[in-house]
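Taking the hints as your guide, dock the two standalone chains into a single complex.
In the order they appear, the protein sequences are chains A and B.
Counting from 1, one number per residue, gives the positions in the first sequence under my numbering.
Counting from 1, one number per residue, gives the positions in the second sequence under my numbering.
Please keep in mind that the hints were generated in silico from the structure rather than gathered at the bench.
Owing to the predicted nature of the structure, the values given are computational and were not obtained by experimental measurement.
Keep in mind that a hint or two might mislead.
Below, in silico cross-link-like pairs of lysine to aspartate or glutamate (EDC-like), each with a Cα-Cα straight-line distance of 16 Å or less [what the hints assert, rightly or not]:
#  : chain 1 : residue 1 : chain 2 : residue 2
1  : A       : 51        : A       : 85
2  : A       : 54        : A       : 42
3  : A       : 15        : A       : 83
4  : A       : 41        : B       : 66
5  : B       : 26        : B       : 55
6  : B       : 26        : B       : 83
7  : A       : 15        : A       : 42
8  : A       : 44        : B       : 66
9  : A       : 15        : A       : 68
10 : B       : 104       : A       : 42
11 : B       : 69        : B       : 5
12 : A       : 41        : B       : 7
Non-contacting residues of chain A with respect to chain B, defined by C-beta distances greater than 12 Å in every case (computed) [claimed, not checked]:
#  : residue
13 : 5
14 : 16
15 : 17
16 : 19
17 : 27
18 : 41
19 : 85
20 : 102
In this text, a Cβ means the ideal position worked out from N, Cα and C, and glycines have one as well.
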Amino acid sequence: EAGVTQFPSHSVIEKGQTVTLRCDPISGHDNLYWYRRVMGKEIKFLLHFVKESKQDESGMPNNRFLAERTGGTYSTLKVQPAELEDSGVYFCASSPYRERGTQYFGPGTRLLVL
Amino acid sequence: SQQGEEDPQALSIQEGENATMNCSYKTSINNLQWYRQNSGRGLVHLILIRSNEREKHSGRLRVTLDTSKKSSSLLITASRAADTASYFCATASNQAGTALIFGKGTTLSVSS
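Just chain B, with the same shape it has in the complex (with noise of 0.2 Å):
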């Protein structure tokens, strides 16, 4: 069953701005982390956040995540052309290797 939504689905923005995507999921979780996929390319891990934390960041990545309402948000800040991607969400039910349930992501566009 599909866990992580993402939203919204695409979103287009120019340079220097701020890019928001949220994502949704269902059952309870042990940790939430976010990918991003340039084109043509594999998955690259960005952050993972753990259901004991509210607010994580990384750079110009700032994470949250909110398990009342099982939702999770990424804010990548002043973004760049090379921010161009897919973004995917992806929750572990427990701490142990797992299974990650990925939404279908939030497609990122950054124009110059």
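Here chain A stands alone, though its shape is the one from the complex (with noise of 0.2 Å):
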């Protein structure tokens, strides 16, 4: 069974500029989080979705992100305009709808704001 995975893995963008990051969660977990983590700081949770729905956003920064899971399986992160704090580790994690508790996490994509 594939894991999670994430494009790109790795992104350098410029101020100013709009970066997409997609997840595609493992087949059949109905359950999308994403994550990040800032250089230096801890990993924090920004969303998650159950299939096409935002259950919670509470940790979402700002309105310059914005999360998208269309048909319930793939999810795309866009950030516009992107600013040097964004800087980062994105993670993307899924889980089935009935599984309590453990999250399986794909690889991350590693953003860079210059």
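So this is what it looks like as structure tokens:
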């Protein structure tokens, strides 16, 4: 079974540009989560989808971040316009709807905003 | 707000030794999980312990949970060079699909 995949693995952009990150969860997992780790800080929750619906987006830092999960399969996280402080590693995780607890993480996308 | 706090921040040991990492948290939890991250890689789930459990084993891993002290420990026995990684504890406040709250992690270095 394929794990959670994320694309791209790395992205280097300039301040003010737009970047779109993609996450493909494990097939059949209804729960999809986005997290990020800014340099030197802890991994922080951004938002949670159940299928195509946003269940919890309390961790989204501001309106420059837009997440979608059309059709309840893969998800995208767009940052527009990117700022220097957005640099970090963005992780995606998924879990089956009925499974309590364990989340399966992707390898992350390393974003550097110059 | 930060939930998990790992201790120590960094740990260096020799192969064959045991490594113990501690995690403290602030609010009530449904479960606590430990994850490992190898350099440049994603997070790998190691073990989950529920709030009504006190100890759990998985291979060379032993996790304890003390809800009265709001703390957990991860013991890796007979460590190997391949155990070199960052280890994070993460807490979940309820049993439904929910946000995990991570600590800053412990960086473990195992030398041969």
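Quick rundown of the hints versus the structure:
For the given pair, residue 51(A) sits about 30 Å from residue 85(A) by alpha-carbon distance, which is inconsistent with the 16 Å threshold. Of the supplied pair hints, the one linking residue 54(A) and residue 42(A) is violated, its CA atoms being roughly 23 Å apart against a limit of 16 Å. For the given pair, residue 15(A) sits about 5 Å from residue 83(A) by alpha-carbon distance, which is consistent with the 16 Å threshold. For the given pair, residue 41(A) sits about 26 Å from residue 66(B) by alpha-carbon distance, which is inconsistent with the 16 Å threshold.
Restraint check for residue 26(B) and residue 55(B): the C-alpha separation of about 20 Å exceeds 16 Å, so the hint is violated. This hinted pair does not check out: residue 26(B) and residue 83(B) have alpha carbons roughly 28 Å apart, beyond 16 Å. Of the pairs offered as hints, the one joining residue 15(A) and residue 42(A) is violated, with about 23 Å between alpha carbons and a cut-off of 16 Å exceeded. Under the criterion of a C-alpha separation no larger than 16 Å, the hint pairing residue 44(A) with residue 66(B) is inconsistent with the structure, at around 24 Å.
Proposed proximity of residue 15(A) and residue 68(A) is contradicted: the alpha carbons are some 22 Å apart, above 16 Å. As the CA atoms of residue 104(B) and residue 42(A) are separated by approximately 4 Å, the hinted pair is consistent with the 16 Å bound. Proposed proximity of residue 69(B) and residue 5(B) is supported: the alpha carbons are some 13 Å apart, at most 16 Å. The suggested pairing of residue 41(A) with residue 7(B) holds, with an alpha-carbon distance near 15 Å, which does not exceed 16 Å.
A cut-off of 12 Å between C-beta atoms contradicts the statement that residue 5(A) is not in contact with chain B; the least separation is 10 Å. Every CB of chain B lies more than 12 Å from the CB of residue 16(A), the least distance being 28 Å, so the non-interface label holds. Every C-beta of chain B lies more than 12 Å from that of residue 17(A), the closest at about 24 Å, which supports listing it as non-interface. A cut-off of 12 Å between C-beta atoms confirms that residue 19(A) is not in contact with chain B; the least separation is 19 Å.
Under the 12 Å C-beta cut-off, the non-interface status given to residue 27(A) relative to chain B holds; the minimum distance is some 17 Å. In this structure residue 41(A) is not separated from chain B by more than 12 Å, as the shortest Cβ-Cβ distance comes to only about 7 Å. Its beta-carbon lying about 18 Å from the closest one in chain B, residue 85(A) satisfies the requirement of being farther than 12 Å from that chain. The claim that residue 102(A) lies off the interface is violated: its Cβ sits roughly 5 Å from the closest Cβ of chain B, which falls inside the 12 Å cut-off.
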